[in-house]
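Start from chain E and add chain C according to the hints.
In order, the protein sequences belong to chains E and C.
Its first residue numbered 1226, the first sequence is counted upward by one per residue in this note's numbering.
Its first residue numbered 257, the second sequence is counted upward by one per residue in this note's numbering.
Treat the hints as calculated values from the structure; they're not laboratory data.
Just so you know, even glycine gets a beta-carbon here, dropped at the ideal spot from N, CA and C.
Keep in mind that the hints are not guaranteed to be accurate.
Quick look at which bits of chain E chain C covers, simulated, 3 or more residues with Cβ under 8 Å [unchecked claim]:
| # | segment |
| --- | --- |
| 1 | 1230-1244 |
| 2 | 1249-1257 |
| 3 | 1295-1303 |
From chain C, some residues computed to sit far from chain E (all C-beta separations above 10 Å) [said to hold, decoys possible]:
| # | residue |
| --- | --- |
| 4 | V268 |
| 5 | R352 |
| 6 | R354 |
| 7 | E384 |
| 8 | S388 |
| 9 | F454 |
Pairs of lysine-lysine, DSSO-like flavour, derived with a Cα cap of 30 Å [unchecked claim]:
| # | chain 1 | residue 1 | chain 2 | residue 2 |
| --- | --- | --- | --- | --- |
| 10 | E | K1269 | C | K393 |
| 11 | C | K320 | C | K333 |
| 12 | C | K455 | E | K1303 |
| 13 | E | K1303 | C | K290 |
| 14 | E | K1298 | C | K278 |
| 15 | C | K290 | C | K278 |
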Amino acid sequence: MTCSDFLKELTDYLDDSMDAQTRAELEDHLQWCHNCYVICNTTKMTIEIYRDSQLYELPDDLRSRLRSAILSKCECHKSQNGEAVKPSEAPLPKQTR
Amino acid sequence: MEAIQPKVAEPVSETSLVHAAKAGDIGAFEELVKRYDRNVFRIAQHITQNREDAEDVVQDAFLKAYQNLANFQEQSKFYTWLVRIAVNEALMRLRRRRPERMVSLDEDIKTEEDSMPREVADWAPNPEQLYSQGELKEILGKTIQGLPPSFRTVFVLRDVEGLSTEETADALDLSIPAVKSRLLRARLQLRERLNKYFKNRSGGDGKP
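Extracted from the complex, chain E is given alone in its bound form (with noise of 0.2 Å):
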């Protein structure tokens, strides 16, 4: 395996969704390349340090004044189309691929 084969894996591995053949040959790739090992390591500490980072997170007072809103713009809706919620005719993005 070359350090390109393993790149091309690492998601994979990450993410734990790999066969045991597959992740048994990354992990003796890992055991003799440190480049690797290291990219390995401070990938996944990237992902932890975002996960963790409570990066915009919403403050209390913007969320009970954005949840006013979007209830009113409902009841308004709601009061427009009757009492269950009616299909609008507007174009929505697709459910499936």
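Relative to the frame of chain E, chain C by itself:
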């Protein structure tokens, strides 16, 4: 009461809330808003990189979801469907702000080489502790902002919001190989750009 996030066990199932909301129970829809408003805001802010746009996306995405609930066939989770609406709204706003640049999830930027690691340096053991919370957020925000929208959208859905590869593909209308390819390149590019902040500097104060 604290809002319930998608990964935590839910006392009332999403399906029951969707059915109640479809029948006209606005309280049930409010519960769906409480469950997912933080997630939608985060996704919108990541894509648009603009606070006002993110606020508008949250409002418009939930309103659109409400208006179109009867059309929601429940072939996917409500959350995945909502994310799809929110991503489309966010991309629309991004296009409006940057009309000079084509913004599309289909764009496949350059070659594989833009993601090939150039610098291989080990990082400090707890790199996030080298900076204050505020500094760290600034670094992470600035760094992800530099990624093409199609890369950062996939990264945010998979790695920040924790959607599966299949759910991400469904929400973005991309194939699974396309999601995997963008995710790999997004992860490698972020890693490369964070090197200068986090690499191990023995003997220094740890800051660039």
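Verification of the hints:
1. 1230-1244: That given contact holds, which follows from 8 residues of the segment 1230-1244 of chain E lying within Cβ reach (below 8 Å) of chain C.
2. 1249-1257: n = 0 at 8 Å, threshold three: violated.
3. 1295-1303: holds (count 7)
4. V268: Nearest chain E Cβ is 18 Å from V268 (chain C), so the label holds.
5. R352: holds (18 Å)
6. R354: Non-interface label on R354 (chain C) holds, nearest chain E Cβ at 19 Å vs cutoff 10 Å.
7. E384: violated (5 Å)
8. S388: Consistent with the label, S388 (chain C) stays out of reach of chain E, its closest Cβ about 13 Å off (over 10 Å).
9. F454: violated (8 Å)
10. E:K1269 - C:K393: holds (18 Å)
11. C:K320 - C:K333: holds (16 Å)
12. C:K455 - E:K1303: Distance ~55 Å between K455 (chain C) and K1303 (chain E) Cα, so the pair is violated.
13. E:K1303 - C:K290: holds (19 Å)
14. E:K1298 - C:K278: This hinted pair holds, its Cα atoms lying about 16 Å apart.
15. C:K290 - C:K278: The given pair, whose Cα atoms are some 17 Å apart, holds under the 30 Å limit.
Hints 2, 7, 9, 12 from the list above are not met by this structure, while the remaining hints are.
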